[in-house]
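Engineer: Sequence:
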Amino acid sequence: MGLIWLVILLAFNAFFVAGEFAVMSARRSQIEPLAEAGNKRAKIALYAMEHVSIMLAVCQLGITVCSLLILNISEPAIHHLLAEPLMALGLAEAAADTVAFLIALVLVTFLHVTFGEMVPKNISVSVADKAVLLLAMPLVGLSKVLKPFTALLNGAANLVLHAFGIEPKDEVASSYTAAEVRTIIHTSSEEGALEKEDALRLTKALEFSSVTAKTCMVPLDDLFTLEWGAATAREFEKKVGKTGFSRLLITRDEVPVGYWHVKDVMLIDDAHSTAPLLDLDLHPLGKLKQDTEIEDALETMRQEGNHLSAVVDDAGSTLGVVFLEDIIEVLVGEISDSTRKRVAPPRSHPEG
Numbered sequence: 009m010g011l012i013w014l015v016i017l018l019a020f021n022a023f024f025v026a027g028e029f030a031v032m033s034a035r036r037s038q039i040e041p042l043a044e045a046g047n048k049r050a051k052i053a054l055y056a057m058e059h060v061s062i063m064l065a066v067c068q069l070g071i072t073v074c075s076l077l078i079l080n081i082s083e084p085a086i087h088h089l090l091a092e093p094l095m096a097l098g099l100a101e102a103a104a105d106t107v108a109f110l111i112a113l114v115l116v117t118f119l120h121v122t123f124g125e126m127v128p129k130n131i132s133v134s135v136a137d138k139a140v141l142l143l144a145m146p147l148v149g150l151s152k153v154l155k156p157f158t159a160l161l162n163g164a165a166n167l168v169l170h171a172f173g174i175e176p177k178d179e180v181a182s183s184y185t186a187a188e189v190r191t192i193i194h195t196s197s198e199e200g201a202l203e204k205e206d207a208l209r210l211t212k213a214l215e216f217s218s219v220t221a222k223t224c225m226v227p228l229d230d231l232f233t234l235e236w237g238a239a240t241a242r243e244f245e246k247k248v249g250k251t252g253f254s255r256l257l258i259t260r261d262e263v264p265v266g267y268w269h270v271k272d273v274m275l276i277d278d279a280h281s282t283a284p285l286l287d288l289d290l291h292p293l294g295k296l297k298q299d300t301e302i303e304d305a306l307e308t309m310r311q312e313g314n315h316l317s318a319v320v321d322d323a324g325s326t327l328g329v330v331f332l333e334d335i336i337e338v339l340v341g342e343i344s345d346s347t348r349k350r351v352a353p354p355r356s357h358p359e360g
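Residue numbers (the numbering used here): 9 to 360.
Keep in mind that the hints were calculated from the coordinates and are not lab data. Be aware that one or more of the hints could be misleading.
No farther apart than 30 Å at their CA atoms in a straight line, the calculated lysine-lysine pairs in the BS3-like style are these [unchecked claim]:
no., residue 1, residue 2
1, Lys204, Lys250
2, Lys152, Lys129
3, Lys204, Lys247
4, Lys138, Lys152
5, Lys48, Lys152
6, Lys295, Lys271
7, Lys129, Lys48
8, Lys129, Lys155
9, Lys155, Lys51
10, Lys250, Lys271
Given the sequences, and given the hints that come with them, work out the whole structure.
Structural biologist: If you want it as C-alpha cells, here you go:
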C-alpha cells in the first residue's frame with residue numbers, strides 16, 4: 009500500500025506543480041479570444057489567472073501536504089520493504105535498517121523531484137496555454153472548497169509582503185518587455201517568418217518611444233524661412249520653387265511664429281505679388297517641450313490639427329521646429345517623392 013500511495017501522491021503533487029506553473033506562465037492574449045468565443049474552460053482559466061495568489065495558495069498547500077504524506081507513508085513503507093531482504097543477505101539489523109533508510113530516502117527523493125516536480129513543471133511551462141485550460145477548472149474548484157485555508161494563507165503572506173513594503177498582486181503580468189519583443193522580431197526575421205521590411209518597421213515602432221521632440225526637430229539654422237513684414241508673394245513663390253515644399257515658416261526676429269501654405273498665397277494677383285504680405289493670416293505653430301516623447305508629440309499635434317510645432321526649452325526659448333512628416337518618418341522610415349529628390353539636405357525643411 010505504501011508503494012500505491014507513493015504513485016497516487018506523486019500524481020497529486022505533479023498536478024499541483026503543473027497547475028502552479030500553468031497559471032503563472034499562460035498568456036492572456038492566447039486565452040482571452042477563446043473566452044470571448046464562449047469557451048467555458050478559457051473563462052475559468054482567466055479567472056484563475058486573475059486570482060493568481062489564491063491559486064498559488066491552493067497549489068502550495070497541495071504540494072506541501074503531498075510531500076509530507078510521501079515522507080510519512082511511502083518512505084517508511086519502502087524502508088521496511090528493503091530492510092528484510094538486506095537482513096536476509098547477512099547484514100545486522102541496525103546496518104540493514106540504516107542502508108534501507110538511505111536507499112528509500114534517495115529513491116523517494118529522486119521520484120519526488122523528477123516525476124513530482126521537474127517533469128510536470130517543464131511540461132506545463134512548455135505548453136502553458138493548453139495546460140491552464142486543462143488544470144484551471146479543478147484548481148478553481150479546490151479553491152472554493154479550501155477557501156478558509158487559502159484565505160488564511162494568502163492573508164498571512166500579504167501581511168508579510170506589506171511589512172516589507174511590497175504591494176501584493178492578484179493577477180499575472182503576461183506582457184512582453186520591449187527587449188523580449190525585439191528578440192522575437194529578430195528571430196522571426198532570421199528564420200524567414202517575417203519580411204525584412206516588416207521587421208524594420210516593427211523595430212522602429214519599438215524605438216519610437218525613446219525619441220523626443222528635441223531629437224526629432226529641425227534646428228532653427230536649418231530651416232527655410234521668410235521674415236514677416238518683408239516677405240512677398242513673389243519671394244514665397246521663388247522659395248517654394250527652389251525647395252519644393254508647400255509650407256514655409258514665417259519668422260519674426262528669426263523666431264518662427266507661424267507658416268503659410270502655398271494655397272494661401274497662390275490666389276494673390278500679380279499686381280500685389282511684390283507687396284509685403286501684411287494682411288495674410290498665419291497658420292499658428294503648436295508648442296512642445298524639448299523632452300516631450302515623440303508619441304505624445306504626435307498625439308498633441310493630431311488633437312490640435314498642427315502639422316508643425318515649435319520645440320522650446322525649459323525657459324521657453326524656441327530651439328527648432330518639429331514636422332509631422334519627420335515624426336512619421338521616425339516610425340516608417342524616409343519618405344521620398346518627386347519634390348523631395350530636388351532638395352538637400354533632407355532634414356533641413358518644413359513639411360512638403
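Engineer: So which hints don't hold here, by number, going up?
Structural biologist: 1 and 3
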